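Chemist: Respectively, the protein sequence lines represent chains A and B.
Going by our numbering, the first sequence runs without a break in its numbering and finishes at 365.
Going by our numbering, the second sequence runs without a break in its numbering and finishes at 89.
No lab work stands behind these hints: they were computed from the structure.
Just so it is clear, the structure is predicted and the values come from calculations on it, not from any experiment.
Every residue gets a Cβ at the ideal spot worked out from N, C-alpha and C, and that includes glycine.
Be careful, since some hints might not be right.
[As the list claims (entries may be wrong)] Facing chain B, according to a computed beta carbon distance under 8 Å, are these residues of chain A, among others: (1) Leu291; (2) Thr293; (3) Pro295; (4) Trp296; (5) Gln298; (6) Val316; (7) Asp317; (8) Cys338; (9) Phe340; (10) Cys350; (11) Gly353.
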Amino acid sequence: MEVEHVPGKNVGHAMLYALSTCPWCQKTKRLLNELGVEYDYIDVDYLDGEEKSKVMDEVKKWNPACSFPTLVLDDKKCIVGFKEDEIRKALKK
Amino acid sequence: MSGPGIAPEEVDRLYDKLKKEAEAGGYHLNPDAEMTKALVKGLLTNEKRYGYQACPCRLASGRKEEDLDIVCPCDYRDADVVEFDACY
Numbered sequence: 273m274e275v276e277h278v279p280g281k282n283v284g285h286a287m288l289y290a291l292s293t294c295p296w297c298q299k300t301k302r303l304l305n306e307l308g309v310e311y312d313y314i315d316v317d318y319l320d321g322e323e324k325s326k327v328m329d330e331v332k333k334w335n336p337a338c339s340f341p342t343l344v345l346d347d348k349k350c351i352v353g354f355k356e357d358e359i360r361k362a363l364k365k
Numbered sequence: 002m003s004g005p006g007i008a009p010e011e012v013d014r015l016y017d018k019l020k021k022e023a024e025a026g027g028y029h030l031n032p033d034a035e036m037t038k039a040l041v042k043g044l045l046t047n048e049k050r051y052g053y054q055a056c057p058c059r060l061a062s063g064r065k066e067e068d069l070d071i072v073c074p075c076d077y078r079d080a081d082v083v084e085f086d087a088c089y
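Given these sequences and hints, build the entire structure.
Modeler: This is the structure:
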C-alpha cells in the first residue's frame, strides 16, 4: 500500500486520507508540513481494485461520506475537510 | 499537485472557458485564482486519467456511468454552495 511517511515532530499518529488532485487536500498537507508534525498519508486516487476498496472501508469507518481530506488522529479523532483552526488546535501538543 | 503533463496553458484555457460558462449561469469561480487553477488542473488530470472531468475532490470509480453525479459541475455543487458558499 502506498502510505507515504512525512517525518516531523511526534504528536501521536496522524493519518491523512487524501486525493492527489484535490486542492483542499494539498492545503491540508501544506498545513501539516508547516506545523512540522509527523504524519502518514495516502493519495487514494492512486490506488486500484482491492487496495482502493480496503482503504475506502477504513475511511468510511471515520467518515461515512467518504469525502476528502479525512484526517484521523491517534485512531480516536477525525477531522473532515480543510478545517485549519481545528487541525491546528488538535495538533498543538 | 499531481497531473503530469498538464501544461499551464491548458489550465488557463479551461479556466477561461469555465469562467465564461459559470458567469453565464449566474455563478462565479472562486476569486482565489491559485486555488481555482489547482482545481482546474485536477479536472484536466481526471480527464486524462478517466476520459471525463470528474471532481478532483471526490473519488472517481473510473466508470463514467457510476461517476455521472461527480462530473463537474457535480450534483452536489448547489447544496455545497448554499451551505459553504463554495463547492468541495
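Chemist: Run every hint past the structure and note whether it holds.
Modeler: Hint by hint, here is what the structure shows:
Restraint check, Leu291 of chain A versus chain B: the minimum CB separation of about 6 Å is within 8 Å; hint holds. With a cut of 8 Å, the hint placing Thr293 of chain A at the interface with chain B holds, because the nearest CB-to-CB distance is about 4 Å. Interface restraint check: Pro295 of chain A against chain B, minimum CB-CB distance 4 Å, threshold 8 Å, status holds. With a cut of 8 Å, the hint placing Trp296 of chain A at the interface with chain B holds, because the nearest CB-to-CB distance is about 6 Å.
For Gln298 of chain A, the interface hint holds, since its Cβ comes within 8 Å of a Cβ in chain B; the closest pair sits about 6 Å apart. At about 6 Å, the closest approach between the beta carbon of Val316 of chain A and any beta carbon in chain B falls short of 8 Å, and the interface hint on this residue holds. Interface restraint check: Asp317 of chain A against chain B, minimum CB-CB distance 6 Å, threshold 8 Å, status holds. Here the hint on Cys338 of chain A is kept, as its CB sits about 7 Å from the closest CB of chain B, short of 8 Å.
Here the hint on Phe340 of chain A is kept, as its CB sits about 6 Å from the closest CB of chain B, short of 8 Å. Evaluation of the Cys350 of chain A hint against chain B yields a violated restraint, the C-beta minimum of about 16 Å exceeding 8 Å. Given the 8 Å rule on beta carbons, the hint for Gly353 of chain A holds: about 7 Å separates it from the nearest Cβ of chain B.
Checked against the numbered hints above, the structure violates only hint 10.
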